[in-house]
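Residue numbering for the sequence shown follows my numbering, beginning at 71 and increasing consecutively.
Since the hints were derived computationally from the structure, they do not count as laboratory data.
Careful: at least some of the hints might be erroneous.
Subject to a maximum C-alpha distance of 25 Å in a straight line, what follows is the list of computed DSS-like cross-link-like pairs (lysine-lysine) [said to hold, decoys possible]: (1) K189 / K164; (2) K154 / K216; (3) K414 / K164; (4) K222 / K154; (5) K164 / K244; (6) K248 / K189; (7) K248 / K222; (8) K348 / K298; (9) K244 / K298; (10) K351 / K277; (11) K333 / K351; (12) K291 / K320; (13) K356 / K333; (14) K248 / K216; (15) K277 / K348; (16) K164 / K154; (17) K358 / K348; (18) K351 / K291; (19) K298 / K154.
Pair ranges (Cβ atoms, derived) [as the list claims (entries may be wrong)]: (20) E140 / R427: 55 to 63 Å; (21) E278 / Q360: 23 to 31 Å; (22) K277 / Q360: 21 to 29 Å; (23) D167 / Q420: 17 to 25 Å.
Keep in mind it's a predicted model, so treat the numbers as computed, not measured.
Where a beta carbon is used, it is the ideal one built from N, C-alpha and C, also for glycine.
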Amino acid sequence: MPSFGMGGPTSMFGSSMGRPLNRGGYNAFMGGGFGGNMSMFGGMRGEDALAPAEIPSPTFSPPPSNEPAEGAEPTAEQKAFAAKRRLRMLFLEKLGDGSVLIETQLPGQAKIAQAAGVKGIIAMPSSDGGNHPFGRRGGGGSESLKDHELLKFIDAVALPVITHVRVGHTMEAKRFEKLGVNMLEESSKVSAFGDLQQNGDVVINKKEFYTPFMAGVSSVKEALRHVKRGVVFLYTKTGDGSGDCSSTIKGLRNIHDEINTIKDMDDEELDKYVEEHKVDKDLLLKVKEQGRLPVPLYASGGLLTPVDIAQVRLIGCDGIILESSVFQVLDPVDNVSMLIRACKEYKNAQTIAELSRNFKTNMPSVGGGGGGSGGFGGMNPAMMMNRFRMGGLG
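Given these sequences and hints, build the entire structure.
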């Protein structure tokens, strides 16, 4: 049975079956480490035993940079990387102000989201359950989509697709990039110290990818660390998954309070902030000058009604991420459409009042009894499931 050493395969009896691994003139046995010819049942023979072969220390070269050095002409590979990145970044440029993204756990939900008019979907494993906001998986998730699951979402809709990758799993991120996702999210909280270390995990180096990354944040300092490391899209990581958006509203206000504090800082205070929180000063100065984060910030967590969406937009965010629980009504297309309109027309109190009056808030329940907004009335379970599976849902 062949085994493979450092540089070529050897048989169990020490003979080379491919390109020989040279260790001072000797073939390696069972993966290397021994300096002479050695059989499975014997030891080193003759002069082979005089001295062990010297094994050179491995050398590691860093991957080539995707950005040319200052003043240098970019290589062909760097030009190709830049072109691919521009194409993926078009997704963010087309979002605009007041756009809505939505979590989906089934391809049928993605079709409903597309019919309602959302700008992109976040494809999530259905094993996560129906009420886990994307922003709440910030402790380092262990679940991500399999290739065939992700491709079902990509094939189901003509919308940008975002998905989650495991903390530090560079190859999983590269695999998803090759499958064609438009944005990736690594479920992690960036530490202020060390080289992208968090809870024993090494965070993915986003600058190696032409696919943009998003990240959840709960403060300005955390946001600036993410942006420094290549993240181009942020969302509030404050929702508790209960359908109560109070924690999201509180977290968004805290971010804006921190921004207002930064705007009033003098040079000495800015330098102290940089030193204390280990953030990039140029990015901090952008926050001071512009009065906002340097990349888009979306609100996420418990935003299930038009009035709540209007409230977070008034506080200050660039758009909304809806949870997959919005699909748990009889006609989710209408509901999602109303939430999208609320995100666009949040300053019009009359419009928000009309949307709230028509909004269906009851979740599906099996059995008859009472219609009500969004209820099933006398619909039996079979009829309910047929309606709920519209568009391939389920």
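Hint-by-hint comparison with the structure:
no.: 1; hint: K189 / K164; result: holds (9 Å)
no.: 2; hint: K154 / K216; result: holds (24 Å)
no.: 3; hint: K414 / K164; result: holds (15 Å)
no.: 4; hint: K222 / K154; result: holds (23 Å)
no.: 5; hint: K164 / K244; result: holds (24 Å)
no.: 6; hint: K248 / K189; result: holds (22 Å)
no.: 7; hint: K248 / K222; result: holds (15 Å)
no.: 8; hint: K348 / K298; result: holds (11 Å)
no.: 9; hint: K244 / K298; result: holds (20 Å)
no.: 10; hint: K351 / K277; result: holds (19 Å)
no.: 11; hint: K333 / K351; result: holds (13 Å)
no.: 12; hint: K291 / K320; result: holds (17 Å)
no.: 13; hint: K356 / K333; result: holds (10 Å)
no.: 14; hint: K248 / K216; result: holds (14 Å)
no.: 15; hint: K277 / K348; result: holds (19 Å)
no.: 16; hint: K164 / K154; result: holds (16 Å)
no.: 17; hint: K358 / K348; result: holds (17 Å)
no.: 18; hint: K351 / K291; result: holds (11 Å)
no.: 19; hint: K298 / K154; result: holds (21 Å)
no.: 20; hint: E140 / R427: 55 to 63 Å; result: holds (59 Å)
no.: 21; hint: E278 / Q360: 23 to 31 Å; result: holds (28 Å)
no.: 22; hint: K277 / Q360: 21 to 29 Å; result: holds (23 Å)
no.: 23; hint: D167 / Q420: 17 to 25 Å; result: holds (21 Å)
The structure is consistent with each of the numbered hints, conforming to all of them.
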